Amino acid sequence: MANPAELFGRKAEQETHYEKLPQPVYYIESSDDDTVLVGIDVEIKQIGDAAPVVTWYDSSHERSMSALEMVKKDNYFAFRSADKKMTNGEPAEYYFAPMDLNTYREKVKDKLIEGRDFESEEEMINAFLEAAKKNGEE
Amino acid sequence: MSYEYAVKINPAEMHEKPDNIVTKILNKIKAIKDRILEKFHIKGDKLEQMADEALVHVAKETITEADKDGIRTEQESADIKEAVETVVVQGALEEASGEVLNAENPIVSLDKDDATAPDLIEAIQDLNEQDATLPTGESVAELAAEVIQRAEETEVMGESEKPPRLSLSEAITNLVEAERSSEIAKRPRAEIICDRNHIESQRIDIIDKRDAGQIELNFKLRGVELNFDNMKTPGGTTVEEDALSYTGVDSKSKIIVAPAYSFERDGIKVTIVDPTTQKMAPKGRVKIEAPADMDPKEIEENVAKILEEELAIPNALEEVPEQYESEFKQSLYQWNHKIDGVLTTDESERAAKMTRKEVYPGYTTYVEEGKHKEYLEKYGEDIRPVHHLHTGTTSSIIRVLTGGVMSSSERYSCGILRNGMSTGADFETGGADNVFTRLYDKESRGKMLGTTVVFKPELLDRMDWYSYSSDRFGSTRPNVFANRTSPDEILSAVSEKTSASDNEQMFRTGIGPEYIECIEVDPQLREMTLDELRKEGVTEINGRPIEEIVVAREKDPSMMNMFPFWQPSENNSEFGNLSENDGDHTVELPDNPDLANLFGDSENPTVELPSFGNPIPPEIKQPNKLVWEPKQEVILPGIPVSFDENVEGQQHYKFENIELDEDKDKIKLDILDGKRTSSVKEIIKLCSGDPDQSIMMGLLAATAKYGDKQKLVNDMKNEIMKDLTDIEIESIATLGLPNNDIGEIIRDISDILGVDFEGYIVQTYNESRKGEVNG
Numbered sequence: 001m002a003n004p005a006e007l008f009g010r011k012a013e014q015e016t017h018y019e020k021l022p023q024p025v026y027y028i029e030s031s032d033d034d035t036v037l038v039g040i041d042v043e044i045k046q047i048g049d050a051a052p053v054v055t056w057y058d059s060s061h062e063r064s065m066s067a068l069e070m071v072k073k074d075n076y077f078a079f080r081s082a083d084k085k086m087t088n089g090e091p092a093e094y095y096f097a098p099m100d101l102n103t104y105r106e107k108v109k110d111k112l113i114e115g116r117d118f119e120s121e122e123e124m125i126n127a128f129l130e131a132a133k134k135n136g137e138e
Numbered sequence: 001m002s003y004e005y006a007v008k009i010n011p012a013e014m015h016e017k018p019d020n021i022v023t024k025i026l027n028k029i030k031a032i033k034d035r036i037l038e039k040f041h042i043k044g045d046k047l048e049q050m051a052d053e054a055l056v057h058v059a060k061e062t063i064t065e066a067d068k069d070g071i072r073t074e075q076e077s078a079d080i081k082e083a084v085e086t087v088v089v090q091g092a093l094e095e096a097s098g099e100v101l102n103a104e105n106p107i108v109s110l111d112k113d114d115a116t117a118p119d120l121i122e123a124i125q126d127l128n129e130q131d132a133t134l135p136t137g138e139s140v141a142e143l144a145a146e147v148i149q150r151a152e153e154t155e156v157m158g159e160s161e162k163p164p165r166l167s168l169s170e171a172i173t174n175l176v177e178a179e180r181s182s183e184i185a186k187r188p189r190a191e192i193i194c195d196r197n198h199i200e201s202q203r204i205d206i207i208d209k210r211d212a213g214q215i216e217l218n219f220k221l222r223g224v225e226l227n228f229d230n231m232k233t234p235g236g237t238t239v240e241e242d243a244l245s246y247t248g249v250d251s252k253s254k255i256i257v258a259p260a261y262s263f264e265r266d267g268i269k270v271t272i273v274d275p276t277t278q279k280m281a282p283k284g285r286v287k288i289e290a291p292a293d294m295d296p297k298e299i300e301e302n303v304a305k306i307l308e309e310e311l312a313i314p315n316a317l318e319e320v321p322e323q324y325e326s327e328f329k330q331s332l333y334q335w336n337h338k339i340d341g342v343l344t345t346d347e348s349e350r351a352a353k354m355t356r357k358e359v360y361p362g363y364t365t366y367v368e369e370g371k372h373k374e375y376l377e378k379y380g381e382d383i384r385p386v387h388h389l390h391t392g393t394t395s396s397i398i399r400v401l402t403g404g405v406m407s408s409s410e411r412y413s414c415g416i417l418r419n420g421m422s423t424g425a426d427f428e429t430g431g432a433d434n435v436f437t438r439l440y441d442k443e444s445r446g447k448m449l450g451t452t453v454v455f456k457p458e459l460l461d462r463m464d465w466y467s468y469s470s471d472r473f474g475s476t477r478p479n480v481f482a483n484r485t486s487p488d489e490i491l492s493a494v495s496e497k498t499s500a501s502d503n504e505q506m507f508r509t510g511i512g513p514e515y516i517e518c519i520e521v522d523p524q525l526r527e528m529t530l531d532e533l534r535k536e537g538v539t540e541i542n543g544r545p546i547e548e549i550v551v552a553r554e555k556d557p558s559m560m561n562m563f564p565f566w567q568p569s570e571n572n573s574e575f576g577n578l579s580e581n582d583g584d585h586t587v588e589l590p591d592n593p594d595l596a597n598l599f600g601d602s603e604n605p606t607v608e609l610p611s612f613g614n615p616i617p618p619e620i621k622q623p624n625k626l627v628w629e630p631k632q633e634v635i636l637p638g639i640p641v642s643f644d645e646n647v648e649g650q651q652h653y654k655f656e657n658i659e660l661d662e663d664k665d666k667i668k669l670d671i672l673d674g675k676r677t678s679s680v681k682e683i684i685k686l687c688s689g690d691p692d693q694s695i696m697m698g699l700l701a702a703t704a705k706y707g708d709k710q711k712l713v714n715d716m717k718n719e720i721m722k723d724l725t726d727i728e729i730e731s732i733a734t735l736g737l738p739n740n741d742i743g744e745i746i747r748d749i750s751d752i753l754g755v756d757f758e759g760y761i762v763q764t765y766n767e768s769r770k771g772e773v774n775g
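Chains as they are written, first to last, in our numbering: chain A, 1 to 138; chain B, 1 to 775.
Quick caveat, the hints were computed from the structure, so don't treat them as lab data.
Here the structure is a predicted model, which is why all the values come from computation and not from measurement.
Glycine included, each C-beta is placed from N, C-alpha and C at the ideal position.
Be aware that one or more of the hints could be misleading.
[Said to hold, decoys possible] Listed next, the in silico SDA-like pairs over lysine to any residue satisfying Cα-Cα at most 20 Å (straight line):
no., chain 1, residue 1, chain 2, residue 2
1, A, Lys109, B, Ile255
2, A, Lys109, B, Ser253
3, A, Lys109, A, Thr16
4, B, Lys705, B, Ile749
5, A, Lys111, B, Lys283
6, B, Lys447, A, Glu19
7, B, Lys555, A, Ala50
8, A, Lys134, B, Ser470
9, B, Lys186, B, Val249
10, B, Lys705, B, Asp673
11, A, Lys84, B, Lys555
12, A, Lys111, A, Thr16
13, B, Lys654, A, His17
14, A, Lys85, B, Asn479
15, B, Lys555, A, Thr16
16, A, Lys85, B, Ser469
17, B, Lys357, B, Ser395
18, B, Lys186, B, Lys447
19, A, Lys134, B, Gly213
20, A, Lys84, B, Thr476
21, A, Lys111, B, Lys447
22, B, Lys555, A, Glu19
23, B, Lys254, A, Asp110
24, B, Lys447, A, Asp110
25, B, Lys654, A, Pro91
26, B, Lys722, A, Asp110
[Unchecked claim] Among chain B residues calculated to face chain A with C-beta under 10 Å, some are:
no., residue
27, Thr136
28, Trp335
29, Val367
30, Gly431
31, Ala432
32, Phe473
33, Thr476
34, Asp502
35, Glu504
36, Pro564
37, Tyr653
38, Lys654
39, Lys711
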């Protein structure tokens with residue numbers, strides 16, 4: 001009989017999980033990381049047995065973090081970082097919620113370099129995408 | 001740039017009178033420059049440089065092509081003569097102008113190359129015999145000879161010979177006298193090297209901000225304590241509370257990045273960022289704005305006085321004394337290599353040999369020439385710094401290939417304020433002063449998606465970069481910065497594949513286009529990218545054909561067949577994806593009218609549920625939308641996901657990072673004895689390569705007995721489905737378990753766990769087939 005363990009892992013090294021979260025722009029909140037706020041084009045990729053990596057564009061830079069644990073419910077997503085710890089030693093947690101006008105006005109606008117008001121959610125989303133497009137060209 | 005820019009001259013015309021030959025060549029050069037201007041909208045030095053590169057490239061290619069078969073035909077000789085004489089005339093024009101360009105004279109480019117030097121000499125002799133002169137009356141051949149002679153003298157002096165240092169007033173004069181397009185997209189910049197140990201990197205940026213009526217100097221203070229008691233400078237000038245801001249070159253928009261103090265003296269405004277700010281990038285930043293019409297010498301005198309009398313920095317604008325230059329190099333070497341103690345003799349000697357080099361237009365830093373070769377030899381020849389282009393559009397590729405990549409701070413300094421919707425978090429962390437890269441080997445690059453700038457390994461010669469093994473957003477906060485990795489540490493981690501894909505390197509200010517090795521794109525997009533570049537009239541950049549620059553990524557086989565991370569959600573997958581609406585959440589319904597009917601009105605199947613966030617104004621409700629409200633427990637306000645596994649309706653994934661540091665045999669015994677539980681993944685890892693084939697079955701039996709059997713069974717189902725190929729699954733579903741190792745293992749596992757895994761495989765296969773048919 002072949003070693004049963006060899007059956008498993010035959011494909012593992014060849015596998016790639018890839019998924020792009022459905023919303024174009026997310027609000028990101030973290031328990032212990034004040035550098036996150038906006039996530040554009042959020043993607044999850046796992047190659048073989050390596051830890052999954054969550055990447056997004058924050059409108060000026062690409063962010064990329066390895067995840068130990070992830071949860072997803074409808075359009076909401078969260079992960080625990082593989083290498084960032086909270087002050088209590090537990091993995092830092094990142095929560096992603098679709099960016100809506102309320103969230104934008106209450107939690108995001110004032111933290112932007114030049115946050116402005118929008119009449120509609122569509123206008124706001126387009127403004128983020130335009131920023132990402134323009135800044136992403138460098 | 002394209003060869004099409006090179007206007008062909010009929011060889012017969014080359015035997016006309018010398019004046020006519022020069023005139024025709026001048027017309028040809030003008031046509032080339034006009035085309036470059038038309039396509040790239042650049043002027044001045046940059047235009048000359050691109051024209052030089054194009055002409056040299058054409059000459060070299062013409063010679064190479066002609067010599068391929070070892071015999072030059074009459075036509076080939078005429079083509080070579082034409083191409084090389086064009087270079088000579090262009091070089092002579094530059095020599096006659098007396099202007100010193102950043103790039104070398106094109107005549108030198110041909111003279112340095114053994115393959116082209118003989119044709120160059122022949123062309124100069126020919127032009128000399130024909131008494132070819134420029135419109136100014138100067139001899140083309142004599143000017144070319146002067147260029148070659150000076151280049152040879154410089155070579156004898158050695159490459160380490162420093163170029164003449166410019167004073168502040170000279171640098172300003174050069175900057176403002178350079179030809180400048182009336183519609184600039186980016187303010188030109190220059191620098192002076194000065195000071196001893198108060199100004200970061202012993203350099204001051206000079207920005208040509210005449211569009212705003214100013215010349216701007218900016219730099220960062222280091223180790224200077226500001227003394228503004230009673231809101232007065234030490235020199236008695238009144239200080240006001242202010243802010244560090246940047247103004248856009250196009251829109252005149254203005255953004256504020258940090259609180260600051262400011263004062264004015266002698267018509268010059270000085271803004272100093274509040275030293276207590278928590279924003280790391282602007283911390284220590286000093287901006288000095290002088291009226292554009294002020295005489296450069298007056299600016300220099302006034303700024304020197306201000307720095308000495310108001311900020312207590314004596315001799316700030318003077319040349320760096322050798323001792324201080326040496327100390328800075330030692331200090332930079334320690335910083336880059338993260339050396340805490342005293343440098344060894346070898347390290348000290350290496351630091352002393354570092355030279356300043358322009359690594360981005362208008363920005364110099366020290367480099368350890370050739371250091372990258374040591375890195376590559378030690379850690380792998382295929383490791384490269386890369387930078388992902390978020391958009392990867394044709395315009396972004398052209399912009400990067402011609403102008404390089406710049407940091408956020410540099411972008412703002414030069415007046416590029418494209419969109420204020422940026423978070424500015426990089427200003428908080430300190431990352432804004434840098435261009436971000438990640439270090440990947442070829443295999444890792446094969447697993448990337450999208451458009452990636454791959455830099456030459458020579459970039460690692462620079463001494464102004466720091467690194468983290470994972471995403472820290474380029475932080476320079478002291479507690480984070482202390483844990484950065486040295487170049488050797490990060491390269492070693494990349495080489496040994498212990499570094500995460502989110503490692504990051506931060507290069508100060510910008511990375512010049514000369515450091516770009518190639519642009520890697522997804523294989524299926526290469527031709528489209530090339531076509532788009534051609535449509536823009538770009539077939540070559542800086543003498544390199546675009547086919548050489550834009551390359552298809554060598555895809556890792558695992559990337560050929562990617563599949564979603566999450567299984568389709570049971571909650572909403574059949575209803576489509578969630579989509580945005582104004583202030584609330586909606587679900588797009590499928591076009592299928594039968595399914596839409598489930599929600600009532602098939603013509604306008606909108607079902608309103610209690611609002612979750614903002615109410616939806618009736619006028620923007622759309623047909624085929626279902627207003628959605630999450631009913632789950634809210635963990636953070638508005639975020640109904642939790643790491644609590646008991647929350648219903650959410651998909652959960654845990655990465656088992658199993659590091660079996662302990663004795664494998666002891667772990668196995670503990671599991672068999674019921675002293676600890678295990679998971680399928682751990683059991684697989686424990687038994688990988690195990691010669692005793694029955695051990696895994698024993699561990700599974702023990703785990704089922706002492707642990708969570710149901711979880712073990714579910715995990716095993718997933719593992720089996722994951723590890724069988726589609727063909728194997730189809731074969732099992734249609735023909736039953738095979739009489740081979742796979743069949744035997746599945747039977748054994750079924751017996752031990754008391755589960756019909758064959759039946760599960762058949763059921764799963766049939767369900768997927770049913771889904772395909774219905775779909």
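| task | With a cut-off of 20 Å on the C-alpha distance, tell me whether Lys186 (chain B) and Val249 (chain B) pass. | result | Cα-Cα ~7 Å, so holds.
| Quick one, are Lys85 (chain A) and Ser469 (chain B) close enough, alpha carbons at most 20 Å? | Answer holds: Lys85 (chain A) to Ser469 (chain B) is near 15 Å, not above 20 Å.
| Satisfaction of hint between Gly213 (chain B) and Lys134 (chain A), Cα-Cα up to 20 Å | violated, 27 Å
| message | Run the distance test for Lys254 (chain B) versus Asp110 (chain A): straight-line Cα separation, threshold 20 Å. | response | holds, 16 Å
| request: Take the C-alpha atoms of Lys357 (chain B) and Ser395 (chain B), compute the straight-line distance between them, and say whether it is at most 20 Å. | output: Outside the cut-off at roughly 28 Å; violated.
| 20 Å Cα cutoff - pair Lys555 (chain B), Ala50 (chain A) | holds, 18 Å
| message | Tell me if the straight-line CA distance from Lys134 (chain A) to Ser470 (chain B) falls inside 20 Å. | response | violated, 26 Å
| Given pair status - Lys283 (chain B), Lys111 (chain A), alpha carbons within 20 Å | Measuring from Cα to Cα gives roughly 18 Å; hence the hint holds.
| query | Does the alpha-carbon distance linking Lys109 (chain A) and Ile255 (chain B) stay inside the 20 Å limit? | reply | The given pair, whose Cα atoms are some 14 Å apart, holds under the 20 Å limit.
| query | Taking only the CA atoms, is the gap from Lys447 (chain B) to Asp110 (chain A) under or equal to 20 Å? | reply | Violated. Lys447 (chain B) to Asp110 (chain A) sits at ~37 Å, over the 20 Å cutoff.
| task | Mind checking the CB of Gly431 (chain B) against every CB in chain A and telling me if the closest is under 10 Å? | result | holds, 7 Å
| said: Just to be careful, I want the Cα atoms of Lys447 (chain B) and Glu19 (chain A) compared with a cutoff of 20 Å; is the pair within it? | reply: holds, 14 Å
Going through the hint list in order, the structure does not satisfy hints 3, 8, 11, 12, 17, 18, 19, 21, 24, 26, 27, 28, 29, 33, 39.
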